[in-house]
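Visitor: Based on these hints, arrange chain B with the ligand on the given structure of chain A.
Okay, here's what each chain looks like letter by letter:
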Amino acid sequence: MTAKIKEFPGVGLRESDFTERKVLFTEWKPNAQYAWDAGIAIGRYLAELKEGRIIGVHCHRCRRTVVPPRIFCEWCFRPMDEWVYLEDHGVVNTFSICHVRWDMERLEEPLIPAVIEIAGASKGMGILHLLGEVDPKQVKIGMKVKAVWKPAAERIGAITDILYFKPVE
Amino acid sequence: MGLRKVAVVGAGMTKFVRRAQETGRELAYEAAKMALDSCELTLDDVDAVALGTAPDAFDAVHMKGEYLSDGAGAWRKPFMRSYVGGGTGVFAPIQGWYHVASGLFDVCLVVCEEKMSSCQPHPQGAFLTIFDHTTERPLGPNLLWIFALEMNRYMQTYGLQKKDIALVSVKNKRNAADHPCALLGDPNITVEDVLNSEVLAWPVQRLDVSPVTDGAVAVVLAAENVAKRITDKPVWIKGVGWSLDTAYWTNRDLYYPKYVEYAARMAYEMAGIREPRKEIHVVEPYDPFDYKELHHLEGLLLADKGEAPRLTAEGVTARTGNMPVCPSGGLLGVGNPIAAAGLMKVAEIFWQLRGEAGKRQVPGKPITGLAQAWGDLMQVGTVIILGIGG
Ligand SMILES: [Zn+2]
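Chains A and B, in that order, are what the protein sequence lines are.
Going left to right, the first sequence walks through residues 10 to 178 as my numbering numbers them.
Going left to right, the second sequence walks through residues 2 to 391 as my numbering numbers them.
Since the hints were made in silico from the structure, they are not lab data.
Note that the structure is a prediction, hence the values are computed from the model and not measured.
Treat each hint with caution, since some may be false.
Using 27 angstroms as the maximum straight-line C-alpha spacing, the simulated DSS-like pairs for lysine-lysine come out as follows [what the hints assert, rightly or not]:
no.: 1; chain 1: A; residue 1: 13; chain 2: B; residue 2: 234
no.: 2; chain 1: B; residue 1: 163; chain 2: A; residue 2: 149
no.: 3; chain 1: A; residue 1: 146; chain 2: B; residue 2: 163
no.: 4; chain 1: B; residue 1: 163; chain 2: A; residue 2: 153
no.: 5; chain 1: B; residue 1: 234; chain 2: B; residue 2: 360
no.: 6; chain 1: B; residue 1: 306; chain 2: B; residue 2: 164
no.: 7; chain 1: B; residue 1: 34; chain 2: A; residue 2: 15
no.: 8; chain 1: A; residue 1: 159; chain 2: A; residue 2: 59
no.: 9; chain 1: B; residue 1: 366; chain 2: A; residue 2: 15
no.: 10; chain 1: A; residue 1: 132; chain 2: A; residue 2: 149
no.: 11; chain 1: B; residue 1: 366; chain 2: B; residue 2: 234
no.: 12; chain 1: B; residue 1: 259; chain 2: A; residue 2: 132
no.: 13; chain 1: A; residue 1: 13; chain 2: B; residue 2: 360
no.: 14; chain 1: B; residue 1: 306; chain 2: A; residue 2: 132
So here's chain A without its partners, still in its complex pose:
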């Protein structure tokens, strides 16, 4: 069929068609605000972050300790059995060196997001966070990193109570 068709519909426009107002268009800015409930498991997780601790949960049946915590084991589909305090250090499972913001504006200093496997949890149990105090060129998968906490008085019970993770010797 494509071999027979010569013309396909669809009219492409350029950025300049908009900036020079060559085409008709309309604009709208959303103003949606949300207030989320953290829930039972993440609520406790955040409360512990405020105290400078990382907490996970353990399932006796599959013997996994997972983080971030949840009240049910998605494998066994039964309640988790206990809360477990984890270490505030871990290993870089993977990372990126990101030079652009969400709106594709360029950053002066790159951000280094990473999945960090938290010590004390089962193998492979990572959380998303940022790396800091490190030369981007020196970051390696498998690198040991430790949480850098906000001063206790400034913590609010948020993932950002950990400023970033930095390499440890």
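Guide: What follows is chain B with the ligand alone, placed relative to chain A:
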């Protein structure tokens, strides 16, 4: 299973462009009308409509399915919209398939539309909300992060270099030069061009990615008895599969897409395929990023783990190779209007199996092909297997 045989009997698509002047509804209409015209049907012949489109937030129209329904030909008809992120473009025809296979409807029109350019300053702003609002979004994530993290894990696991992966982008963009609807076809692109493109989020560079695109694609599905009246070249849906992994994505090993394997196994079993590497002749895996084509070929069991880059380097996946992959040009070459891009892959297999893909036609008269899509929080796999004869 007591299911009826279902055929694809027609297909249509719009050009994939960076900013379409047409509205989403207009794009949906153009693709749907072309698909009907291609098999000489009218809207009166259509019993039900299945529509796929990605986040409502792209268009800031809540209940976007209903908004698009007129353009998709759903006026006063049974209508259903599906959405599993990037997996939507292959999930929507699966939904159309079970509408017909179940015996409920004889003809189902499947339409996928995406207009990403409406969202300013960048559709990432809408897509960012896939991250967990409490544990991840306060870190100021960028949508590229998850792909970069996954790609880096994949490269590390198998000791791959960027040049091993850039070959995919080169292959697909070159293939797309032969596609009349392609946004990003480039017959002369080289590996160096990809390696020298701007670093966005290492290891992801500008030419590793398919950018924001607008477009629509439609296919017509028909039950066996009807299909044989409509066309003497029906393309049968031999198998379908879909699977969803956990949203605790940081708890998974990102080097391998297990959910794609689950979806593929479901589809192979339904299609009676035991040796996919011998029995699948043309493949359209989802390639919004170049490493994803490799990742997905492995998840589809069409390459051993870590071996897909070697197949690419050796030309096995070239249009003239033993296992042509993305002869259309894929998302990297044709463009990535999310849901429409997935259905474009189904349409491409349809055209390839009918020998109607023009300059893109793979040699050797393929009789079985596979299309696959992927999405949500890197967690969904959708697979469809098409075949002629039998
Ligand atoms: Zn368990």
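Visitor: Against each hint, give a clear statement of whether it holds in the structure.
Guide: Each hint, compared with the structure:
no.: 1; hint: A:13 / B:234; verdict: holds, 16 angstroms
no.: 2; hint: B:163 / A:149; verdict: holds, 16 angstroms
no.: 3; hint: A:146 / B:163; verdict: holds, 16 angstroms
no.: 4; hint: B:163 / A:153; verdict: holds, 25 angstroms
no.: 5; hint: B:234 / B:360; verdict: holds, 20 angstroms
no.: 6; hint: B:306 / B:164; verdict: holds, 18 angstroms
no.: 7; hint: B:34 / A:15; verdict: holds, 16 angstroms
no.: 8; hint: A:159 / A:59; verdict: holds, 9 angstroms
no.: 9; hint: B:366 / A:15; verdict: holds, 23 angstroms
no.: 10; hint: A:132 / A:149; verdict: holds, 18 angstroms
no.: 11; hint: B:366 / B:234; verdict: holds, 13 angstroms
no.: 12; hint: B:259 / A:132; verdict: holds, 17 angstroms
no.: 13; hint: A:13 / B:360; verdict: holds, 11 angstroms
no.: 14; hint: B:306 / A:132; verdict: holds, 21 angstroms
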